[in-house]
Amino acid sequence: MADVHLPRSLVALFPGTPRRLQARGGTVAEVIADLDAQVPGMRNRLLDAGPAIRTHINVFVAGERATLATPVAPDGVVHVIPAVSGG
Amino acid sequence: MAERIALLVGTRKGLFVLDGDADRQAWDVRGPLCDGWPIHDAIVDPASGAVFAGGGSNWYGPAVWRSDDLGGSWSHSSEGLSYGDDGEKMTTVWNVTAGPDALYAGVEPAGLFRSRDGGATWEHVEGLTNHPTRPEWQPGNGGLILHSIVPHPTEKDRVWVGISAVGAFETQDGGASWELRNKGVRADFYPGDPPEFGQCVHKLVMAADGGEHLYQQNHCGVYRSSDGGRQWDEITAGLPSQFGFPMAAHPRDPNTVWTIPMTEPDAGRYMIDGHTAVYRTNDAGASWEKSTAGLPQDNAYISVLREAMAVDRLDPVGVYFGTSTGQLYGSRDEGRTWSLVADNLPSIWSVEAAIVG
Chain H
155 MADVHLPRSL VALFPGTPRR LQARGGTVAE VIADLDAQVP GMRNRLLDAG PAIRTHINVF
215 VAGERATLAT PVAPDGVVHV IPAVSGG
Chain G
344 MAERIALLVG TRKGLFVLDG DADRQAWDVR GPLCDGWPIH DAIVDPASGA VFAGGGSNWY
404 GPAVWRSDDL GGSWSHSSEG LSYGDDGEKM TTVWNVTAGP DALYAGVEPA GLFRSRDGGA
464 TWEHVEGLTN HPTRPEWQPG NGGLILHSIV PHPTEKDRVW VGISAVGAFE TQDGGASWEL
524 RNKGVRADFY PGDPPEFGQC VHKLVMAADG GEHLYQQNHC GVYRSSDGGR QWDEITAGLP
584 SQFGFPMAAH PRDPNTVWTI PMTEPDAGRY MIDGHTAVYR TNDAGASWEK STAGLPQDNA
644 YISVLREAMA VDRLDPVGVY FGTSTGQLYG SRDEGRTWSL VADNLPSIWS VEAAIVG
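Protein chains in written order, with our numbering: chain H, 155 to 241; chain G, 344 to 700.
No wet-lab data here; the hints were simulated from the structure.
No incorrect hints appear here.
With the Cβ distance kept under 8 Å, some of the chain H side facing chain G (calculated, not the full set):
1. 164
2. 166
3. 167
4. 198
5. 199
6. 203
7. 204
8. 205
9. 208
10. 236
11. 239
By construction, the Cβ of each residue, glycine as well, lies at the ideal position given by its N, Cα and C atoms.
Okay, chain G solo, but in the shape it has when bound (with noise of 0.2 Å):
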C-alpha cells in the first residue's frame, strides 16, 4: 500500500491538515483545528502518532495541543508551561519538537521546555535560562523566541537551540548547562568583529547523517557545521541574498537542503523582484541550484516564515512550504518543479509533513 502523507499546517487563526492522495496531488483540507488558535508549529511524533500543535491565545495564552486522531479530537495543556508566578510572562509556543525520549517546546520570551509524559506536563529546562549570557539577551523583530530545537538522534543528552537574535546553543547533559555555537556566524549588526552571541539566527536543521552536521539560515547569510556547531563555514555564496527564513534538510541525503533567498530586511523580505523561486544545494552549499518551475513569477511579494517550510520522508521527496499570504505549494520531486496545494488559508506559519499511512 502506497504511504500517504498529511501536511500539517500551523496559522494566525488555526491548524489545517492536509490529507494527501497516493501521488500526493490531491489534497483533502481539514480546519479550522484548535478552536483558530494562533499554531506557530505542530509534528506528528514518531514515537506515539500523536499530533502536537504549539501556539498561543491571545486571550487564553500559551498551550501545545494534543490530538491522537490525526486532528479528530484535541486535548491541550500548558501545565508547568510557565516561567513561574514570579517570572516573566510567557505570550506563546513557537516550535516543538520529538526528541529520542522527550518532547520540546520552545516559546517567547525565550526558553525551552521539556515534557516526558507526553505534553500533559512540563518543566522548564533552567540551565538555558541560567545561562549567562541571559541578561544581555535582545529580542529580534519578531521577539525573542526560541524557535528552533534540533535533537541528537541517538545521544539523548545532546539537544541544539536557535534562539533569534541571541543565535545557538548546544548542551550535552540533558539540558543542565549549554554552550554557545556562534563561531564563524556574522552579526552585521553589530559593529566590529563577530561577537560571541546576538547571532540572528532564523532556522537550525540538522542533516540527514545526523550528530554533528548541522545548517542554518541566518539573518546574515547561510551556513553548514561539520563539528556540532563549534565552527561555521559560510555557503551563502551563489543565492541571490543572505536573508531567509526557512530551511529543511534532506531526510537521507546530508549534503541537500533546501532554503528560500528573501530581499534584505530593509527591503521588504519578500521574494527578489517579485520571482518566486526555492534554491537547494546538493553539495553541501558549495553550489546552488534556483528552481521556479510552476511558482508565480509575475509580482509575487510574498514571503516565507522561517517554519514554513518542509520536507517529506518518500522517494523522491516532497518539498513544501506556505507563505505568509496564505498559499501552499508542494514538490513531489524534490524541489524541481512546484504546484498550488492549497490556496486562501489564513497567514501560514508553519508546515509539516508526516507520513501517516
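Pulled out of the complex, with its shape left as it was, chain H reads as follows (with noise of 0.2 Å):
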C-alpha cells in the first residue's frame, strides 16, 4: 500500500477525508483509481482529459515528479501538491 499525502485544498472538498490516506496500485494511475475508489469523485479533481493529471496539479513519487505511468514502489511514498498559482 503507497503512502500517500494529500493538500489541505483538496480533502477540504471530501469533508471527513484525511490529509494522508493508504491506497493500492502499481503506478500513479491505479492509485489515484483507488483514491477515487475510496473517496468517490477525486479523480475528476486530480485528471483532466487525457487522462492526465491536471495542469496545476504535481504528483511526486519518491520526491520525484510523476505522470500517470510512473511505477509507484509497494511502499511507495506519494505526495500530491497544487502548483503555485493564481493571484
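Join the two chains into one complex using the hints; note that each chain is given alone, in its own frame.
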C-alpha cells in the first residue's frame, strides 16, 4: 500500500477525508483509481482529459515528479501538491 | 410574513450569500463559500430549493456545487461534466440554469450539459456540439463560452443558448438538434452582411410572458425578438452605447428590461464618462430611461459583467448588480433609485436574487 499525502485544499472538498491515505496500485494511475474508490469524485479533481494529471497539480513519487504511468512501489510514498499559481 | 431575499454573489474568490431583511435594506454577508473557488454563476433551483453554483478551480477543474441549506454545507460534482478523455479539456462552468425538468450547465469550451438527478451526474447535450458550424466556432475575448441558457418555461424540449462570438441557438427536440437564431443581429467585426453565426451575444434573456419573447445584449447592440429568436429587431436607439454585458428581464412585465451600457471594447469597457448608470425600457425597447440616483457619478470607471445583474420577484421588483471591483448595488423600486448593498467583495462575476422565506 502506498502512503499518499494529500493537500489541504483537496481534502477540504471531501469533508472527513484525512490528509494521509493508504492506497493500492502499481502506478500513479492505479493509485488515483483506488483513491477515487475510497473518496468518490477525487479522480475528477486530479485528472483532466487524456487522461492526464491536471496542469496545476503535481504528483511526486519518492520525491520525483511523476506522470500517470510512473511506477509506485508497494511501500511507495506519493505526494499530491498543488502548483504555485493564482493571485 | 414578509418574503425575504437572498442574493447569491459569485466572485473570482468564492460565492457569497447576502441574507436580506424584510425591507431589503440590511444585508448580512456570508462567505467566501465553495472553498473560495471562482464561481461564475449561482442559482436557487425553484423546484428543490437547493443552491447550485458553477465554476472552476485553477487546480481542480470545473464543478457544480450544491447546498441544501442555503450555503451552510456543500457538496460538489463534475461526474459526466467532461468531453471525455479524448475530448477537449474543460476549464470551468459559466452558467447553471434550472429548466422545467432538468438542470443545465454551460461550460468552456462552449457546450451544454444536463442533469436529471439534481446535479449529482451530468450528461453532455451532444446535439449542440455536433452542430455543423462547430468546427468554425472561434473564442471571443472572454473565451469560447456558453453563458446563457434559456429554457422554455413549459415546453421542456425547447431551450435557447447563447455562446460568445458564435451566437444564439434553439432546440425544439430536447437538444438533439439546434437551429441558429441570429437573423437581424449585427456583427460589425465581420466585413459585409451579418453572417448566419459568429454574432457575439453577451446575454440572452426571456421576457415575462415566456415562450417567444426574448431580449439580448450583444457586443453590437441590444435586440428583442417576438418569435423565439427567428428574427431580431434592434432596440439600441436611446442608449448611449451599443456595448454592455448584462441584461435582466422584469418578472411580470414583458416590456421591461434593464441593461448597463458601457464604453466600447477599444475604449475601456467601463461606465461611460465615469458616470454609473442603469437603463430601463418599459416599452420593449422603443425608449430607454436612464437611472443614476444613488450610484457613483464621479470617476466611476467600473464595469459589470454578463451574469452580474439580477431581479427579484417582489413588488416593486428589486434590481441588483455587482461590479468587477467588488461593489454590489441594489434598488427596491425597479431601478429608479439605488444604494450600496456591499463593498470590498472580490471581483463580482454573478448576481442572483431568490426568495427564501
